[in-house]
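Chemist: Residues per chain are reported as follows:
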Amino acid sequence: MSGPTAVSTEKDRLAAAVREVAAVRGRGRRRSVTVATALLVAAVAGFGLSLSVGDMVMPIGKVVDTLLGGGDGGSQFVVLELRLPRALLAVLVGAAFGLSGGVFQTVLRNPLASPDLIGISAGASAVAVTAALLFQVSGLALSASALAGSIAAGAAIYLLAWRQGVAGQRLVLVGIGVGMGLSSVVWYVMARSDVTDAQEAFRWLAGSLNGRSWNQFWPMAGALALLVPLTALAAHALRPLQLGDDAAAGLGTKVETGRLALLGCATALAGVATAAAGPVGFVAFVAAPIARRLVPGRGAALPHAALTGALLVLVADFAAQHLLPSVQLPVGVVTSIIGAPYLLLLLARANRVGSGG
Amino acid sequence: MSGSTLTAAQRRPQKKEARPRRSRPVLALGLLASLGVLLLAVVASLAIGSGDVPFRDVLPGVFDPDLTVKGQLVIQEVRIPRTVAGLLAGAALGLAGTVMQGVARNPLADPQLLGINAGASVAVVCSITLLGFTVATQFIWFGFLGALLAALLVYGVGSLGREGATPVKLALAGAATAAVLTSITSAILLQDRGSYDQFRFWQLGALTARSSEVLWQVSPFILVGTVLAFSLGPQLNALSLGDDLARGLGQRVGRARMVSALAVVILCGAATVVAGPIGFVGLAVPHAARLITGPDYRWVLPYSMVLAPIMLLVADIIGRVIAPPGEVQVGVITAAVGCIPFIWLVRRRKLVEL
Chain A
1 MSGPTAVSTE KDRLAAAVRE VAAVRGRGRR RSVTVATALL VAAVAGFGLS
51 LSVGDMVMPI GKVVDTLLGG GDGGSQFVVL ELRLPRALLA VLVGAAFGLS
101 GGVFQTVLRN PLASPDLIGI SAGASAVAVT AALLFQVSGL ALSASALAGS
151 IAAGAAIYLL AWRQGVAGQR LVLVGIGVGM GLSSVVWYVM ARSDVTDAQE
201 AFRWLAGSLN GRSWNQFWPM AGALALLVPL TALAAHALRP LQLGDDAAAG
251 LGTKVETGRL ALLGCATALA GVATAAAGPV GFVAFVAAPI ARRLVPGRGA
301 ALPHAALTGA LLVLVADFAA QHLLPSVQLP VGVVTSIIGA PYLLLLLARA
351 NRVGSGG
Chain B
1 MSGSTLTAAQ RRPQKKEARP RRSRPVLALG LLASLGVLLL AVVASLAIGS
51 GDVPFRDVLP GVFDPDLTVK GQLVIQEVRI PRTVAGLLAG AALGLAGTVM
101 QGVARNPLAD PQLLGINAGA SVAVVCSITL LGFTVATQFI WFGFLGALLA
151 ALLVYGVGSL GREGATPVKL ALAGAATAAV LTSITSAILL QDRGSYDQFR
201 FWQLGALTAR SSEVLWQVSP FILVGTVLAF SLGPQLNALS LGDDLARGLG
251 QRVGRARMVS ALAVVILCGA ATVVAGPIGF VGLAVPHAAR LITGPDYRWV
301 LPYSMVLAPI MLLVADIIGR VIAPPGEVQV GVITAAVGCI PFIWLVRRRK
351 LVEL
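Protein chains in written order, with the working numbering: chain A, 1 to 357; chain B, 1 to 354.
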């Protein structure tokens with residue numbers, strides 16, 4: 001921290017500083033690429049594992065063969081109809097939650113500001129559970145109602161928090177308020193309903209990929225094909241926003257517009273993921289902090305957050321299927337049980353984790 | 001520290017501060033007025049309900065009940081326990097929320113958010129599924145135990161590391177713990193339909209669920225928790241300046257935190273025993289109290305203790321009449337209605353800082 005002793009001249013110091021910055025940046029970039037590659041490799045490995053292991057264990061060669069169009073009818077059914085859509089959906093859901101959480105936490109500069117904590121997921125849950133239990137909605141319409149719920153909740157939170165702009169802490173507080181109100185609606189509707197229906201809703205609320213098929217995959221893939229490029233576009237405003245509102249405005253960023261675009265994308269991402277798999281706990285909350293810790297000093301590290309989220313959900317869903325014999329746990333139970341202790345570990349070890357975004 | 005030697009008679013108008021600072025008589029009068037409102041809420045809670053009780057039965061029902069008269073029977077058997085439950089749970093939640101927010105210096109601190117309710121829930125669920133308890137008097141004590149263990153876990157994790165239990169770490173540890181415990185609750189309940197059926201009603205929070213004996217059993221705990229909470233006023237004031245300043249002022253920060261944790265666990269556990277996990281009261285009431293009193297915890301505490309039962313009783317009354325012929329549980333009302341004043345508060349202040 002202390003400056004060098006006054007031996008070197010001004011020019012030397014400047015040159016040394018430039019070299020130092022370049023070196024640090026180079027190291028950071030190399031690390032960023034290495035980590036991304038490692039995450040990708042791990043995700044592919046997890047993907048292969050979840051395709052080949054199940055009630056019927058299939059050698060990986062046969063899996064690849066089946067994927068390329070070979071294999072017998074049985075293996076085609078198991079791999080292409082049962083395991084592939086589920087594994088792909090796990091990847092997409094995880095990536096969407098990870099990306100969404102990363103954007104929320106960075107834009108609002110608050111580690112608590114992930115969509116599962118500030119009422120976005122609660123909005124999706126409240127609308128979906130009400131639609132399912134009171135109006136017997138199912139299938140694609142149910143997914144659409146979950147998406148609509150998350151967007152409505154996001155819009156309501158944004159508008160309620162608006163006061164000559166949206167400050168991070170106010171939005172988090174408003175979001176928590178809205179979220180608590182909405183969760184009570186969920187509990188009330190569940191207590192009023194028939195126990196079998198309520199149990200079904202409870203299963204969805206835990207976040208589950210059980211029984212998911214291509215029917216859920218294609219809408220999700222289509223939505224992500226639209227949302228990910230939009231988020232990448234909006235993310236140009238992210239770096240200036242991280243410096244704080246005044247500095248960002250000084251740099252010529254339209255603070256409110258940029259923030260609205262980013263939060264809109266992140267809300268929609270959380271919404272489609274919730275629609276596909278239910279509010280899978282903790283992925284949005286924990287993926288970005290893990291990613292930032294893997295690539296320190298690289299800002300929001302959104303691609304890493306998305307990859308981390310995908311890997312997390314893949315592994316968690318694999319564990320949910322095979323951890324306990326004869327019991328199919330919902331993936332959300334596992335993401336929370338493996339995700340939260342990791343965050344606790346980070347908290348216990350790090351000094352400044354959570355002090356910023 | 002200048003001005004600390006001034007006596008009451010010499011007190012000059014204090015320097016304008018960012019927060020409202022009202023004089024002691026005004027605050028005392030305000031507290032009296034709040035008590036008056038609380039009394040009105042109690043009367044309303046006795047008089048209004050989904051059952052048909054004529055108003056002339058209310059007073060005899062309280063003081064000189066003739067249990068052959070249906071109205072007086074309802075007052076004696078239903079409305080009095082219900083009102084007492086509201087008073088007990090409300091006072092406990094208000095104080096617990098205030099102590100929590102003060103010690104964590106965190107405007108979001110709330111039994112729900114710091115994982116304490118989740119701890120109570122998971123313990124209740126375990127006692128229902130593993131030990132086969134079906135009656136509230138049996139499983140509520142497990143809720144107490146669960147709240148204690150969760151608080152210990154959150155505080156323990158939050159205080160690991162070099163800086164000790166900083167506000168952000170406590171809040172994060174609480175959120176993480178709540179997530180894990182909620183997941184475990186889900187995992188257990190998803191395997192067992194009967195337990196889920198019981199749990200979904202317990203989870204809502206209601207003032208009608210407990211018998212009078214339970215209220216008697218819990219009262220001493222609430223009394224102890226209240227005494228502890230009030231004894232913390234000066235420490236919370238010092239802690240609100242930050243740990244270093246508090247230490248500089250001669251406070252033993254670690255000990256103040258331990259006493260706070262004890263008070264919070266006792267009060268939250270007792271409130272959960274009385275009414276189930278009720279969200280929002282502990283979060284919203286301290287903010288409302290601070291809005292009236294300014295930052296001095298010696299005043300925030302009594303105000304919270306009076307305002308919270310008002311909120312709970314009014315919410316319960318609303319729940320009785322809002323959806324006839326049935327009733328809506330008070331926990332649903334506090335959360336659904338409570339978020340409106342809460343959001344108003346959040347918007348009104350520039351930032352709800354402590």
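Hints in this document: simulated from the structure, not taken from any laboratory. Worth double-checking, as some hints may not be accurate.
Here chain B is said to cover these stretches of chain A; the calculated rule only asks that three of the stretch's residues, wherever they fall, bring their Cβ under 8 Å from a Cβ of chain B [said to hold, decoys possible]:
#	region
1	108-122
2	158-164
3	180-186
4	202-214
5	273-285
6	316-330
We put the beta carbon where it would ideally sit given N, CA and C, even for glycine.
Chemist: For every hint, state whether the structure bears it out.
Modeler: Consistency of the hints with the structure:
Only residues whose C-beta sits within less than 8 Å of a C-beta in chain B count toward coverage, and the region 108-122 of chain A has 3 of them, enough to reach three; the restraint holds. A stretch counts as covered by a chain when three or more of its residues have a beta carbon under 8 Å from one of that chain; for the region 158-164 of chain A and chain B the count is 3, and the coverage holds. Using a Cβ-Cβ cut-off of 8 Å, 5 residues of the region 180-186 of chain A lie near chain B, which meets the minimum of three, so the contact claim holds. Requiring three or more residues with a Cβ within less than 8 Å of a Cβ of chain B, the coverage given for the region 202-214 of chain A holds, as 4 such residues are present.
Remark: the region 273-285 of chain A is confirmed as covered by chain B, as 3 of its residues place a Cβ nearer than 8 Å to a Cβ of that chain, reaching the required three. Coverage of the region 316-330 of chain A by chain B holds [criterion: at least 3 residues with CB-CB distance below 8 Å; count 3].
Hint compliance for this structure: every hint is met.
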